[in-house]
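In the order they appear, the protein sequences are chains A and B.
Numbered continuously in the numbering used here, the first sequence closes out at residue 115.
Numbered continuously in the numbering used here, the second sequence closes out at residue 226.
Mixed in with the good hints there might be a few duds.
Unchecked claim - Listed next, with one range per pair, are the computed distances between beta-carbon atoms: (1) B:127 to A:84: 29 to 35 Å; (2) B:141 to A:8: 22 to 28 Å; (3) A:58 to B:171: 38 to 44 Å; (4) A:53 to B:141: 36 to 42 Å; (5) B:142 to A:53: 30 to 36 Å; (6) A:80 to B:129: 28 to 34 Å; (7) B:127 to A:2: 32 to 38 Å; (8) B:171 to A:27: 26 to 32 Å; (9) A:79 to B:167: 41 to 47 Å; (10) A:8 to B:190: 35 to 41 Å.
I should point out that these hints are in silico values taken from the structure, not numbers from a laboratory.
We put the CB at the ideal spot given by N, CA and C, even for glycine.
These are the residues of each chain, in order.
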Amino acid sequence: KAGVTQTPRYLIKTRGQQVTLSCSPISGHRSVSWYQQTPGQGLQFLFEYFSETQRNKGNFPGRFSGRQFSNSRSEMNVSTLELGDSALYLCASSFNPTGGQETQYFGPGTRLLVL
Amino acid sequence: SQQGEEDPQALSIQEGENATMNCSYKTSINNLQWYRQNSGRGLVHLILIRSNEREKHSGRLRVTLDTSKKSSSLLITASRAADTASYFCATADTGRRALTFGSGTRLQVQP
């Protein structure tokens, strides 16, 4: 099976712009989670989707949003970008609808740089 | 915020030696997972240990879990240069679907 794929892999944006990142889970996996990784805050949970519904949300402002499509692919959007949004954004998928209660498989990440 | 801390933050050893990393957490958990990350890339799942398990092995990896002390350790035996990476523990709180990660241990294995 192909692994989790994320596009694009690298992205440069300027403050105030918005960005959309995409994640395709492993075939058959229906739970998709998003995480942000920064040197200062480490790995932090953003949100989790299952069957097109957001099941869980981390402590991030409303500028961070996401959605899941019927084929389980997911997108996350960050509006009004700030310098502090520069990070590695990781997507993870799992088969079991309990998300983090089972093994999560991570994609290679999208590295976002905000100038 | 981070669930807990990993110790040490950085570890440098010679090839062939064993590496031990420790992880502490704060809440009741269903499971604890260890991941490896190479140079800011994606996370690779290493092993999952459930709260009712005390020890688990996978190849050169041995994980222990002490729920009374809310701590876990990852032992890599006979380390190789290819083991150079950052290692993270992640916990799944009871009833929560999100993983909460530790701060990570940077392991450097010298050839």
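Verification of the supplied hints:
The given range of 29 to 35 Å is respected by residue 127 of chain B and residue 84 of chain A, whose C-beta atoms sit roughly 31 Å from each other. With their beta carbons about 36 Å apart, residue 141 of chain B and residue 8 of chain A fall outside the hinted range of 22 to 28 Å. Restraint check, residue 58 of chain A to residue 171 of chain B: a C-beta distance of roughly 28 Å breaks the suggested window 38 to 44 Å. One distance hint, 36 to 42 Å for the beta-carbon pair residue 53 of chain A and residue 141 of chain B, is violated here, with the actual separation near 29 Å.
Distance hint for residue 142 of chain B and residue 53 of chain A: a CB-CB separation of about 25 Å, inconsistent with the stated range 30 to 36 Å. As the Cβ distance of residue 80 of chain A to residue 129 of chain B is approximately 49 Å, the hint placing it in 28 to 34 Å is violated. With their beta carbons about 36 Å apart, residue 127 of chain B and residue 2 of chain A fall inside the hinted range of 32 to 38 Å. Between residue 171 of chain B and residue 27 of chain A, the C-beta spacing of about 27 Å keeps the proposed range 26 to 32 Å intact.
One distance hint, 41 to 47 Å for the beta-carbon pair residue 79 of chain A and residue 167 of chain B, holds here, with the actual separation near 43 Å. The supplied range of 35 to 41 Å is met by residue 8 of chain A and residue 190 of chain B, whose beta-carbon atoms lie about 38 Å from each other.
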